[in-house]
Amino acid sequence: MSPFNKLLSIHLRSYVILIHTLFFSLFLKGQSYSELATLELDSHILEIADSFLEEYPITITSYVCSRSSGGKNDFYSEGDYWWPDPENPEGPYIRKDGFTNPENFTAHREVLMKMGEMVGTLTSAYLITKDRTYSDAALEHCKAWFLNESTRMNPHFLYAQAIKGRHTGRGIGIIDGIHIMDAVQSLWVLENEGLISENLMTGFRAWFSELLEWLMIHEYSKDEMVHPNNHGTCWNMQVATYAKFCNNSKVMEFCKANFINTLMPGQMAKDGSFPLELERTKPYGYSLFNLDAMTINAWVLSDSFQCFWHYDINGRSLLKAVEFMAPFVAKKNDWPHEPDVMYWNEWPVAHPTFLFSAIIYNRLDFYELWANNRHFPKTFEVKRNMAIKSPLIWLYKKENCGN
0 MSPFNKLLSI HLRSYVILIH TLFFSLFLKG QSYSELATLE LDSHILEIAD
50 SFLEEYPITI TSYVCSRSSG GKNDFYSEGD YWWPDPENPE GPYIRKDGFT
100 NPENFTAHRE VLMKMGEMVG TLTSAYLITK DRTYSDAALE HCKAWFLNES
150 TRMNPHFLYA QAIKGRHTGR GIGIIDGIHI MDAVQSLWVL ENEGLISENL
200 MTGFRAWFSE LLEWLMIHEY SKDEMVHPNN HGTCWNMQVA TYAKFCNNSK
250 VMEFCKANFI NTLMPGQMAK DGSFPLELER TKPYGYSLFN LDAMTINAWV
300 LSDSFQCFWH YDINGRSLLK AVEFMAPFVA KKNDWPHEPD VMYWNEWPVA
350 HPTFLFSAII YNRLDFYELW ANNRHFPKTF EVKRNMAIKS PLIWLYKKEN
400 CGN
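Residue 0 is where the sequence shown starts when you use numbering that gives the first Met the number 0, and the numbers rise one by one after that.
Calculated from the structure, these hints are not laboratory results.
There could be a bad hint or two in this list.
[What the hints assert, rightly or not] Here are the computed lysine-lysine pairs in the DSS-like style, where the Cα-Cα straight-line distance is at most 25 Å:
no. : residue 1 : residue 2
1   : K255      : K396
2   : K142      : K382
3   : K95       : K382
4   : K397      : K249
5   : K255      : K269
6   : K113      : K377
7   : K142      : K113
8   : K330      : K255
9   : K243      : K142
10  : K243      : K221
With the hints as extra help, turn the sequences into a complete structure.
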């Protein structure tokens, strides 16, 4: 290419970017990112919600695994990366990091994930239409999971991520609970809309209070709390969400302190990366997963008095973390580390990180990274690594972030 043509090409690219920015700025005029997100998703949400209206509540009691040490109401799952030992097929399983054993029992995890997805989508559809058909359906699923004695899940994860020949359950199994988060947020939304009776809300809060108590006192949970990677981040994210729902200010303050004093300084490098996630065999997916968990923590913990999005802790901040990953979401092929050993082609998706960051930092480029990626992925493993699948319910009556 001649110097003239090269210069012309650069100017043309700059011109296109300028026109795009001006056009989008005009489009944005008078509309918030929250409003744009609703416009982006509403027709898709309603289509999916209509299909969910035909789904009857199904809970973990419909699936039994003979390897579980618990009862029919106890959630059970098995460690992903654990396989039979070729040298001792009947002995304890051995670990193969990053490689999921397809023979593991996953039914409880699948129905829990489906419940959270359905409840969040149905509640989103209600917010869009104000049609109680959707909210009533969402509540039926919640009643089956949290209130009905014969079908409900017991409020603990004592038997989660078991390993044959080694453990009947483990603390890291608590991460399976991230799929309850859209459901508990939906309950808060529907309560604020005046759609849940006081008696029902008492029952729902009793269930989550029991879960919260278990998460604060059980040894499994204490181990998970101090886990130095995404497990610790997801522990705090879940506990903060349940504490907020249960109006437990003591636990909320604990989660705030843990986020500032442990999670951010302990997991984040000064360039915004998460070194422990980069060491994994799926560094790209895990980095995005932990970034989502970090920003969801900030979203849940922040209020009009305290904003966790603007903290700078020894040169570490959420903005740096978002800006570290943003270029590799925009251009994945520029990723400087090894590609993930599995599901490399399935990432990225529409990560809530970039929607929330667009709102907090008023950044169009972040909004586009959210808007232009897949919003409703189908791959199980991808959905499993998305704590929030229904972002609209998390925008509902959100307080301004204090400084």
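Here is what the structure says about each hint:
At most 25 Å may separate the alpha-carbon atoms for a hinted pair to count; K255 and K396 meet this at roughly 21 Å. For the hint linking K142 to K382, the alpha-carbon distance of about 23 Å falls within 25 Å, and the restraint holds. Annotation: proposed proximity of K95 to K382 holds, straight-line Cα distance about 22 Å (limit 25 Å). The hinted pair formed by K397 and K249 meets the criterion: a straight-line CA distance of about 21 Å does not exceed 25 Å.
About 21 Å separates the Cα atoms of K255 and K269, which keeps this hinted pair within 25 Å; it holds. The suggested pairing of K113 with K377 holds, with an alpha-carbon distance near 12 Å, which does not exceed 25 Å. Between K142 and K113 the alpha-carbon distance is near 15 Å, which keeps this suggested pair within the 25 Å criterion. Restraint check for K330 and K255: the C-alpha separation of about 33 Å exceeds 25 Å, so the hint is violated.
For the hint pairing K243 with K142, the CA-to-CA distance comes to about 20 Å; that is within 25 Å, so the pair holds. About 20 Å separates the Cα atoms of K243 and K221, which keeps this hinted pair within 25 Å; it holds.
When held up to the earlier numbered hints, the structure conflicts with hint 8 and nothing else.
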